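Participant: Each chain, written out:
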Amino acid sequence: MVNSNVDALGIIFPNSHDALVPELVGERLMASIPFASRYRIIDFMLSNMVNSGIGNVSIIVRKNYHSLMDHLGSGREWDLTRKNGGLNIVPPFAEKTVKVYSGRVEALASILDFLRHQKEKYVVMSDTDIAVNFDFSAMLKAHVESGADVTVAYTEEKLPENFLANRQESKEFYYTLKLNDGRVTEMEINSKDTGVTNFSMGIYIMEREFLIRQVSYAYTHGYVNFERDVLMAQLDTLNVQAFCHKGYIAHITSLKSYFDENMKLLDEENLNGLFTPNPIYTKIRDDNPTRYINGAKVNNIMAADGCVIEGEVENSVLFRGVKIAKGAKVKNCVLMQDTVVEAGADIEYLVSDKNVTITAGKEVKGTDTFPVYVAKYQTV
Amino acid sequence: MAKEMIAMLLAGGQGSRLYALTQKLAKPAVPFGGKYRIIDFPLSNCVNSGIDTVGILTQYQPMVLNEYIGNGQPWDLDRLHGGVHVLPPYQKASGSDWYKGTANAIYQNISFIERYSPQYVIILSGDQICKQDYSDFLRFHKEKGAEFSVAVMEVPWDEASRFGLMVTDDNDKITEFQEKPKNPKSNLASMGIYIFNWDILKKYLIEDEADPNSENDFGNNIIPNLLRDGRNMYAYHFNGYWKDVGTISSLWEANMEVLDPEHSGINLFDERWKIYSRNSGMTGHRIKPGAVVENSMITDGCQISGTVKHSILFAGVQVEAGAVVEDAVVMGGTVIKAGAVVQHCIVAENVVIGENAVVGAMPSDGEKGVATVGSNVYIGDGAKIGPNAMVSDNVKGGEEQW
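Residue numbers (the working numbering), protein chains in the order written: chain A, 58 to 437; chain B, 59 to 460.
Check each hint, because a few of them may be wrong.
Keeping only pairs whose Cα atoms sit at most 20 Å apart, straight-line, the calculated EDC-like set for lysine to aspartate or glutamate is [as the list claims (entries may be wrong)]:
#	chain 1	residue 1	chain 2	residue 2
1	B	395	B	384
2	B	346	A	369
3	B	395	A	369
4	B	346	A	317
5	A	383	B	352
6	B	189	A	343
7	A	354	B	384
8	A	383	B	217
9	B	346	A	343
10	B	395	A	343
11	B	240	B	217
12	A	340	B	329
13	B	346	A	325
14	A	354	B	352
15	A	380	B	320
16	A	380	B	329
17	A	380	B	328
18	A	386	B	352
19	B	332	A	369
20	B	332	A	343
21	A	380	B	352
None of these hints come from the bench; they were simulated from the model. As the structure is a computational prediction, the values presented were derived from the model and not from experiment.
Excised from the complex, chain B in its bound form (with noise of 0.2 Å):
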């Protein structure tokens, strides 16, 4: 049985500027918006397109992704032909390869493409909070008889040299690439969200295979390769809520854009386009007698007893009496103790606040700093962690860190 198209989405990437968050996690992994991981947000966006056989391509620390993903149940992914497969690199009769780059990712998995004769391939990335309907970015690709699209977003002219930029003509056909350019000649950044017709991407992942100065990559060699061949190559404008959550701040900002659906854009309450997320299984949250919610997320397990303003908590968050939480993401099991101060920051899972430890602070004058507290640690009563901080190990009791 042929599939029309099926999703390959990257999720190797280390994620190296999240620090202490993703020591233990591959970056499509990280908890997002109260209950979901990052990954979510594809595969979802694959389920609901009626994408059903997805692969998924990791690398670095992928237990815990694995076991999130299982056999890939919470999104409608497993299925009898498709479905869901994690596909690491492996050992092969010549020898074993890590991927060396996301075009040597898919050329290593060509024989798992091949077994549902794909028309089409999209090529995904596990790092990007976004809702989006890949269907209608078929649509596009097959109206303008393309063999290769990408998804671009309109970004301001002054920001534009950050990103890998597509240069179109009137009829959105792709004419030049520019990757972080000096002076760029477009604003429409590429998402990193490719469609090919699959015999186009497999010759052309051949030939990137065979060339040892190939960096293997698909902004680096693939798409100029493409290009310099005269390919029909066009640009899907994409304008809907679409985040790179590579950086603290931003996976910061992400979060707290959830708590304002009406003016960011990101909307996560929408019944004809859920997210869907392995559940944590906890009962009903409690707001204890004394507590004080506003403006907040609040999912199962959480017991606050403190004060919660303008902060997302995962499931099973717990939030003691004098505590405060405030501007803050705090993630599943972590317990924050009576009169803690918890602000304007990160904490991770399974972490311990002590009584009246202090972990980051409100953004004052030119300071606005995201604290982050990594999995697992422990902060002892009194110990006070500064806005700029980044904690991946124990702080003791009273003591400082900056």
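Here chain A stands alone, though its shape is the one from the complex (with noise of 0.2 Å):
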């Protein structure tokens, strides 16, 4: 390998989390989810992958998986139609009745004989809640340096709202670490502590030898967790290293978040932090420019290509194919594609998924802390 390649492969786990967004998840997964405009969220870790060297890059999916082969395609525009290597997707496997798997590592089970075949020494794994610009080389680098049998990434920060909120019983687990001298000493699922913590991003990296062994082991034993049932029963034995992330981190873990995360790129700050040093790809729609007509009034807003725009916009972030008609008021709103908004229509503090249409004269608002969400394909 030439330096600017890495020895690993990648492994994406798409539906991890799907249960936070249960609106945006209704006909897709959280790795399809559109964000910042012009993207999937799934975007950010391929590209991060593909950025740092990563040629081969495994997706494991579980269901409403369609947008998402829809998505990727062959996986051109991620430089991941690769004859070694590329892009692999894992759909349930299919013997008298589908298997859906349950757990990490029963997905994982599922792929081991793949796995047994790659020649790349390490594997980094992900899932598909987060949007960041993240340097895996430079963690693998780590992970070597350290010679850890794992690494986990983690950034620094206050657990997201609705995580510290009462909440009903939930599937999805998050994770926090207690560390001693970079080494993981504990891991804590679902913690309720308010103020910093070491927050998991639920990255790993380790030796693929290791992994194909620990899930081996792991699955004959019925274990279903891969954090849970091998990490945290193994913390003693096992060196789990941590590699902290300093840059910029959008969590998806609700539809409020999503609205505020899509919200907080109008700052110029927060958008360089997710789009540098490294480009983001996604699929391309080839739309025209976008349209400013006569009577356009926009104030702070982030828009894709193919909108056209006649009415008033402010504070807003527009996906591709956005229509906004003459007399129509648009404030604090995320706008998926093919939204169309008529004439005189006055929406606020909305999220729409794709194909919504707001019909003339309407008005719709919801409040800084709760956001009106319009499914996919339906009229207002």
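Got two chains here, separate frames each, mind docking them using the hints?
Facilitator: Right, dumping it as structure tokens:
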């Protein structure tokens, strides 16, 4: 391998944390949620891997993955249409009945054979509930230098608000780390710590052979959860090191946080934090540039190509192909692809999914703490 | 596998009348319409018409063009059999030649065309902005039983003498060809787009090559020779939008017309006839607090804090607070600093326009010049570029150039 490439393969779990955003994953999964005006959230992790020199990426899908397949195609936009490696989408395996994995251990067990036949020495694993510009090669370097069995990436930050709020029992776990000189001594599930914590990013690096051994053992013993049943159970014997990410990060943990994280990108510093130093790739739609027609009034927005704007827009994020007619008012909104806001409509604090139409003269307003969500193809 | 029709795209033109814009790149690679290059139009027309094999004949400054075309993937022209091929002049066992003329360029690539055994070859030009369905042109060619057809546009009679004109009978059969005549007998101007039966084209190319006095040009040699021999030649009427963007003013005008599709007829917003291009890969554009944007086209990566009126901005253009951009075409990566005024002009790629600099001016009595700034030029703070200026070198702060 030349220096610019790393000797690792990537594994992405696109369905992890689906349950946090039930509205947005009605017909898709976490990985294919549109984000930042022209991306899907998986674009960040895929681009990070590719930019770090990882050219062999497996995506183990669980359900609702049509939109993801459509988005990824052959992987060309991420330069993952490769003879060796490239993009590998692993659907649930059907034998008599379709078996859907219930935990990461099962998911990995389903590709053990594949893993055994790869040539990369290391494995990088990640979920897709975060948008971040992340350098896997730096993390791998730290992993190798520390001699760790496993390295986990984390950020030092407060836990998302909705994680701290009392809520119904959730199947989605999140992890916080207790560290001693870089080594993880304790992992806590669903902590309610209100201070700054070591919040796991769900990104792991380990040797491929190590992963195969651990998963084979765990699977045959009926374990399901990788963090709880494999890592946490062996923290005293395994050398689990932590790698701190200092840069910008966007967590999608609820519809509200989805809204907030889009809005935060209207701030220059945040946008640069997410899109530098390395480029983020996405599927191309070949839209024409966005047109601002006479009468348009815009202030503080981010917009993708293909929009036609004749009305007023303020503090909003517009995805590709959004149409805002004359006299319409859009304020503090996140409007996904091909949303149409007809003449005279007045919307505020609204998240519209793809192909939503807000008909003429309608007034729909949420609040800053509770944005209204309009589902895919709905007409208001 | 034989192809019914393949396309040969003449992209070797220097575009010398675009001056500063074509110093480092061929005319077909000149950016157009916010996110396109001129060559995107014929290439997209090909793929939208079902033509999947295109040879691009390059000669002048081909680097940018070669890199832009790449493997043809953005136009869906990365094909197993066929696809897009860039064809520069090459060295042969018997020596090497530049392309001497349009016909010679095709002649030198006869073996490329033969690989696909086409029945028909369409000759396209890489310097026109036009959305055209070549399959309809081919249908016409076949219906007429033609050996050669040329696409023609009706032009105003008083302008006719600037064009190559086709004189036709009632059945669209060509009876005479007049190249820029003083006394036009027709107002049907050739668009420089031809369909040939391949066997006929090949025969005339070989014959033309053998004539030492020939200029090896389609208009001056091949077409007159076909007429001389009484071949079946027909004129196909095209009445959509068509613009030869060979001059600064016509390039500027065509860009401005994109802003007014309802009247100008060039519609880039047609879902059924998309124009494809290589993507910048930048994030969505930002209209920041305090910015004013009116009747403009803005694409990915732009950051607008100033005022933008009736202009086209390409990917990654920055307009700082207090800057004014009006009636302007600003190409990718250009930065317009605070307080600068940029009007009625074309600014090429990766230019920096310093604070409070002035580039171009709105037209006043008798003064309609389109100021032009070439790529990678640095215009210093407070510099002044007059409405007729053609700038291809850096201009120091405070200096004036007219």
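Participant: Against each hint, give a clear statement of whether it holds in the structure.
Facilitator: Quick rundown of the hints versus the structure:
Only pairs whose Cα atoms come within 20 Å are accepted, and residue 395 (chain B) paired with residue 384 (chain B) is accepted, the gap being roughly 15 Å. Pair hint residue 346 (chain B) plus residue 369 (chain A) holds up; C-alpha atoms about 14 Å apart against a cutoff of 20 Å. This hinted pair does not check out: residue 395 (chain B) and residue 369 (chain A) have alpha carbons roughly 26 Å apart, beyond 20 Å. This hinted pair checks out: residue 346 (chain B) and residue 317 (chain A) have alpha carbons roughly 18 Å apart, not beyond 20 Å.
Between the alpha carbons of residue 383 (chain A) and residue 352 (chain B) the distance comes to roughly 13 Å, so the proposed pair stays at or under 20 Å and holds. Proposed proximity of residue 189 (chain B) and residue 343 (chain A) is supported: the alpha carbons are some 16 Å apart, at most 20 Å. Between residue 354 (chain A) and residue 384 (chain B) the alpha-carbon distance is near 17 Å, which keeps this suggested pair within the 20 Å criterion. With a CA separation close to 40 Å, the supplied pair residue 383 (chain A) and residue 217 (chain B) exceeds the 20 Å bound.
The hinted pair formed by residue 346 (chain B) and residue 343 (chain A) fails the criterion: a straight-line CA distance of about 25 Å is larger than 20 Å. A threshold of 20 Å between alpha carbons decides the hint, and for residue 395 (chain B) with residue 343 (chain A) the separation of about 30 Å lies outside it, so the pair is violated. Proposed proximity of residue 240 (chain B) and residue 217 (chain B) is supported: the alpha carbons are some 11 Å apart, at most 20 Å. A distance of roughly 17 Å separates the Cα atoms of residue 340 (chain A) and residue 329 (chain B); the hinted pair therefore holds under the 20 Å criterion.
Between the alpha carbons of residue 346 (chain B) and residue 325 (chain A) the distance comes to roughly 9 Å, so the proposed pair stays at or under 20 Å and holds. For a cut-off of 20 Å, the pair hint linking residue 354 (chain A) to residue 352 (chain B) stands: about 8 Å separates their Cα positions. Pair hint residue 380 (chain A) plus residue 320 (chain B) holds up; C-alpha atoms about 17 Å apart against a cutoff of 20 Å. A C-alpha spacing of about 14 Å is found between residue 380 (chain A) and residue 329 (chain B), which places the hinted pair at or below 20 Å, so the restraint holds.
Between residue 380 (chain A) and residue 328 (chain B), the direct Cα distance comes to roughly 15 Å. Compliance with the 20 Å bound is thereby established for this hinted pair. Between residue 386 (chain A) and residue 352 (chain B) the alpha-carbon distance is near 16 Å, which keeps this suggested pair within the 20 Å criterion. The straight-line distance between the Cα atoms of residue 332 (chain B) and residue 369 (chain A) is roughly 28 Å, outside the 20 Å bound, and the hint therefore fails. Proposed proximity of residue 332 (chain B) and residue 343 (chain A) is supported: the alpha carbons are some 7 Å apart, at most 20 Å.
Proximity of residue 380 (chain A) to residue 352 (chain B) is assessed by CA-CA distance (about 16 Å); at most 20 Å being required, the pair is judged to hold.
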